[in-house]
Amino acid sequence: MSFTKIYLQAGRDEAVRRFHPWVFSRAISRYEGHPADGDVVELFDRKGNYLASGHYHDGSIAVRIFSFGATAGGPVTPDVTYWTQKLTHIRSIRQAIVTGETNCYRLIHGEGDGCTGLIIDIYNGVAILQAHSIGMHRERHLITEALKNVYGDELQAVYDKSAETLPDDYGATVTNGYLYGQTPVPHPVLENGNTFLIDWITGQKTGFFLDQRDNRQLLAQYSKGKKVLNAFCYSGGFSVYALKAGASLVHSVDVSQKAIALTDRNIATNFGETDKHESFASDVMHYLKAHDHQYDVVVLDPPAYAKSLSARHRAVQGYKRLNAEGLRRVAKGGILFTFSCSQVVDRELFYNTIVAAAIEAGRQVRVLHHLSQPADHPVSLFHPEGSYLKGLVLWVE
1 MSFTKIYLQA GRDEAVRRFH PWVFSRAISR YEGHPADGDV VELFDRKGNY
51 LASGHYHDGS IAVRIFSFGA TAGGPVTPDV TYWTQKLTHI RSIRQAIVTG
101 ETNCYRLIHG EGDGCTGLII DIYNGVAILQ AHSIGMHRER HLITEALKNV
151 YGDELQAVYD KSAETLPDDY GATVTNGYLY GQTPVPHPVL ENGNTFLIDW
201 ITGQKTGFFL DQRDNRQLLA QYSKGKKVLN AFCYSGGFSV YALKAGASLV
251 HSVDVSQKAI ALTDRNIATN FGETDKHESF ASDVMHYLKA HDHQYDVVVL
301 DPPAYAKSLS ARHRAVQGYK RLNAEGLRRV AKGGILFTFS CSQVVDRELF
351 YNTIVAAAIE AGRQVRVLHH LSQPADHPVS LFHPEGSYLK GLVLWVE
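Read in the UniProt record's numbering, the sequence shown has 113 at position 113, and its numbers run on one by one without any break.
Just so you know, the hints here were simulated from the structure itself, not pulled from any lab data. C-beta atoms are modelled at their ideal positions from N, C-alpha and C, and glycine is treated no differently. Take the hints with a grain of salt, since some may be wrong.
[Unchecked claim] Quick list of the computed label-pair ranges, beta carbon to beta carbon:
{"id": "1", "residue 1": "I201", "residue 2": "A36", "range": "27 to 37 angstroms"}
{"id": "2", "residue 1": "K276", "residue 2": "R17", "range": "20 to 30 angstroms"}
{"id": "3", "residue 1": "A311", "residue 2": "A72", "range": "51 to 61 angstroms"}
{"id": "4", "residue 1": "D153", "residue 2": "R17", "range": "36 to 46 angstroms"}
{"id": "5", "residue 1": "S248", "residue 2": "D58", "range": "34 to 44 angstroms"}
{"id": "6", "residue 1": "M1", "residue 2": "N49", "range": "18 to 28 angstroms"}
{"id": "7", "residue 1": "L381", "residue 2": "A10", "range": "39 to 49 angstroms"}
{"id": "8", "residue 1": "N192", "residue 2": "V355", "range": "47 to 57 angstroms"}
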């Protein structure tokens with residue numbers, strides 16, 4: 001099988017040699033062939049030395065690399081054998097995460113796993129595939145066969161949920177659905193011994209925020225006997241962990257009535273009827289301003305406030321206002337868990353924003369923990385953009 005060859009301008013090959021997974025259109029010198037969006041292409045330096053293979057797209061990011069010549073030893077063909085070998089290797093690294101207490105995790109994390117444009121989450125025998133590039137979406141059937149090879153009888157189903165994450169013009173033609181098997185939703189999973197009911201068909205992302213697993217576990221250490229506020233609760237992950245750890249009271253807040261229903265369902269699944277939990281369908285800022293409750297522990301885990309650089313300033317102002325109000329709701333000597341998943345708001349900017357919020361709230365604050373995403377959401381040293389989740393645990397006086 002032959003693929004279009006793309007030659008880079010002099011000096012533009014250095015980023016690829018340093019394993020950066022994106023090639024920008026301005027770095028390209030010439031083409032041998034006429035690639036369509038999603039086609040596999042091979043990259044060469046101006047002297048004709050092979051560099052990498054990737055998926056082409058007519059845009060600012062012209063090639064998203066999935067295989068580097070320096071590690072693969074030469075050009076590759078992304079067939080079922082290729083994907084089976086790749087998934088087998090990555091799954092072996094994930095084995096430390098999958099214990100008897102946890103059966104949901106991220107198998108493929110895009111650039112962090114050398115699979116640019118691809119997310120695969122595993123929920124107790126069900127694989128949810130989410131392609132962020134046309135090329136990876138075109139590979140979905142090969143990837144499904146590879147998943148069947150890797151997991152065997154453990155694999156109950158593969159569901160493609162890419163319509164929301166693909167480029168608009170292409171995504172509009174895509175319908176989410178099962179690529180293999182079928183499983184009723186909600187589907188039960190275990191995370192650190194806690195049960196959650198997952199609905200990948202109508203839920204956000206792939207159905208659950210797996211990237212907060214370690215941080216939920218950390219929250220449990222601070223929750224025994226405490227009054228806890230879980231703001232932007234979605235399906236109640238932090239709330240379940242807090243109650244399991246012995247919190248005296250947990251309030252869960254989300255503007256979405258559907259999210260509140262998910263939270264209540266997960267609370268009932270783990271604890272049955274309990275007077276230690278109450279949920280509120282409310283805008284979080286309105287709730288923080290309208291109630292004078294003081295909590296021992298407050299969790300602020302908002303959705304991304306900015307997805308582009310043009311929205312960053314507005315996002316920072318939003319984070320500042322939110323955290324200032326959140327700090328006012330923390331009792332003296334209490335704890336604030338605060339997060340940002342906005343990729344364009346880096347750690348330093350987020351930290352400085354929280355400093356500004358503490359000044360506005362008039363609270364003395366100490367940092368106890370710097371938080372990030374877990375080990376099944378790896379970040380390539382050569383693609384720091386992949387480090388999107390940042391958080392702080394603050395001791396508030």
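Per the hint of 34 to 44 angstroms, is the separation of the Cβ atoms of S248 and D58 within bounds?
Between S248 and D58, where Cβ atoms are some 57 angstroms apart, the hint is violated.
N192 paired with V355, Cβ distance criterion 47 to 57 angstroms:
violated (32 angstroms)
CB of I201 to CB of A36, is that within 27 to 37 angstroms?
holds (30 angstroms)
Look at the Cβ atoms of D153 and R17 and judge whether their distance stays inside 36 to 46 angstroms.
holds (42 angstroms)
Kindly confirm whether 39 to 49 angstroms is satisfied by the beta carbon distance between L381 and A10.
About 25 angstroms separates the Cβ atoms of L381 and A10, which means 39 to 49 angstroms is violated.
Cβ distance range 20 to 30 angstroms for K276 and R17, holds or violated
violated (56 angstroms)
Taking the Cβ atom of M1 and the Cβ atom of N49, is their distance within the range 18 to 28 angstroms?
holds (21 angstroms)
Looking only at beta-carbon atoms, does the pair A311, A72 fall within the given range of 51 to 61 angstroms?
violated (38 angstroms)
In terms of the numbered hints stated before, the structure departs from hints 2, 3, 5, 7 and 8, listed from lowest to highest.
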